[in-house]
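Work the whole structure out from these sequences, hints included.
Under mature numbering (1 follows the signal peptide of the UniProt record, and there is no 0), read the sequence shown as residues -25 to -1, 1 to 146, first letter to last.
Be careful, since some hints might not be right.
As the list claims (entries may be wrong) - Straight-line C-alpha distance at most 16 Å; calculated EDC-like pairs for lysine to aspartate or glutamate:
no. : residue 1 : residue 2
1   : Lys84     : Asp104
2   : Lys84     : Asp114
3   : Lys84     : Asp31
4   : Lys84     : Glu56
5   : Lys84     : Glu130
6   : Lys84     : Asp95
Claimed, not checked - Simulated restraints on C-beta separations:
no. : residue 1 : residue 2 : range
7   : Gln75     : Glu142    : 36 to 46 Å
8   : Gln89     : Ala123    : 30 to 40 Å
9   : Asp70     : Ser13     : 39 to 49 Å
10  : Arg54     : Glu130    : 18 to 28 Å
11  : Leu53     : Ala10     : 13 to 23 Å
12  : Pro126    : Val17     : 27 to 37 Å
13  : Thr52     : Asp121    : 29 to 39 Å
14  : Val17     : Gly90     : 32 to 42 Å
15  : Pro126    : Glu33     : 16 to 26 Å
16  : Gln75     : Thr40     : 20 to 30 Å
17  : Gly38     : Gly112    : 21 to 31 Å
18  : Asp25     : Asp95     : 15 to 25 Å
It should be emphasised that the hints constitute simulated quantities derived from the structure, not laboratory data.
Backbone N, C-alpha and C fix where the C-beta goes; we use that ideal spot for every residue, glycine too.
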Amino acid sequence: MSKRSRLFRPLITLSYVVVIGCGVAACVEDPDDVAATSMPRVEVEQVLHDHIYLVDPELTAVGDTVRRSGCATDPSTLRQEGPPWWYSLTHTYRDVSDDQLDRLTSGVKALSAQGFEVGDVPTRDDPRDLSMQDARGFDVDMTVTDRAGEPMMVEVTSTSPCVRHPEGDDG
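This is the structure:
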C-alpha cells in the first residue's frame, strides 16, 4: 500500500461515517431547520400507546418505555439532537404462534379503517413485515423474526414524526 493510500484511507472512512450518520437524521447545524409538528409530549406518548392497542386490543399492558431521539444530527459529532424529537414505543411478542401472527397482521392492516395508509417498511427482512402511516406522520410497523430452530418473534412499533413541544414541555 502506498504512503498516499495510507494517508487518505482514514479520510475516506470518515467520509463514509458522515454520510451514514447523516442518513439516520438530518445533518443540520441548527435543529430549528428541521420541519416538525407541534404537539405536547403527553399527547405524543398517548398516541403511541393508542396505536399499539389498535393493533392488539387484547393486549393488557404495553409498558411505558417511550424512547426519544433527536431529529437532527450535529455534523461535527454525528450525535442526534433535538428539539425537535421523534418518539417510539415497541411491544415485543415472543414465541408467537401462527394464529397470533395472523391476528397481529390483521390488526396492522385494520389500521386502514382508522385512516392509515400502507407505508414503506423500514427494513424488510421478512415478507410478512408491514408498515402503516397516518395523515399526521405517525407510523406503525410490524417486524417478524422467524429463524430456523428459534421461536418466532414479532415487534410492533409505533413511531411519531418529528415533534416540537409547546414552551416548557421540551425537556
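Quick rundown of the hints versus the structure:
Taking the CA atoms of Lys84 and Asp104, the gap is near 11 Å; set against the 16 Å cutoff, the hint holds. The hinted pair formed by Lys84 and Asp114 meets the criterion: a straight-line CA distance of about 13 Å does not exceed 16 Å. Taken as a hint, the Lys84 and Asp31 pair is honoured in the structure, with Cα atoms around 11 Å apart against an allowance of 16 Å. As the CA atoms of Lys84 and Glu56 are separated by approximately 33 Å, the hinted pair breaks the 16 Å bound.
Restraint check: the Cα-Cα separation between Lys84 and Glu130 comes to about 15 Å, which is no more than 16 Å; the hinted pair holds. Under the criterion of a C-alpha separation no larger than 16 Å, the hint pairing Lys84 with Asp95 is consistent with the structure, at around 14 Å. Against the hinted window of 36 to 46 Å, the Cβ-Cβ separation of Gln75 and Glu142 comes to about 44 Å, which satisfies the hint. In this structure the hint that Gln89 and Ala123 lie 30 to 40 Å apart at CB holds, the actual value being about 36 Å.
For Asp70 and Ser13, the hinted distance range of 39 to 49 Å is satisfied, since their beta carbons lie about 41 Å from each other. Checked against the given bound of 18 to 28 Å, the beta carbons of Arg54 and Glu130, roughly 25 Å apart, stay inside it. With their beta carbons about 21 Å apart, Leu53 and Ala10 fall inside the hinted range of 13 to 23 Å. Separation of Pro126 from Val17 is about 35 Å and conforms to the stated range, judged on CB atoms against 27 to 37 Å.
Distance hint check for Thr52 and Asp121: the Cβ-Cβ separation is about 38 Å, which falls inside the suggested range of 29 to 39 Å. For Val17 paired with Gly90, a C-beta distance near 22 Å fails the hint of 32 to 42 Å. Evaluation of the 16 to 26 Å hint for Pro126 and Glu33 yields a pass: the beta carbon distance comes to about 19 Å. Between Gln75 and Thr40 the Cβ separation comes to about 22 Å, which falls inside the hinted range of 20 to 30 Å.
Judged by the Cβ atoms, the range 21 to 31 Å given for Gly38 and Gly112 holds: they are separated by roughly 23 Å. Range check, Asp25 to Asp95: Cβ separation about 22 Å, and the 15 to 25 Å hint holds.
When held up to the earlier numbered hints, the structure conflicts with 4 and 14 and fits the remainder.
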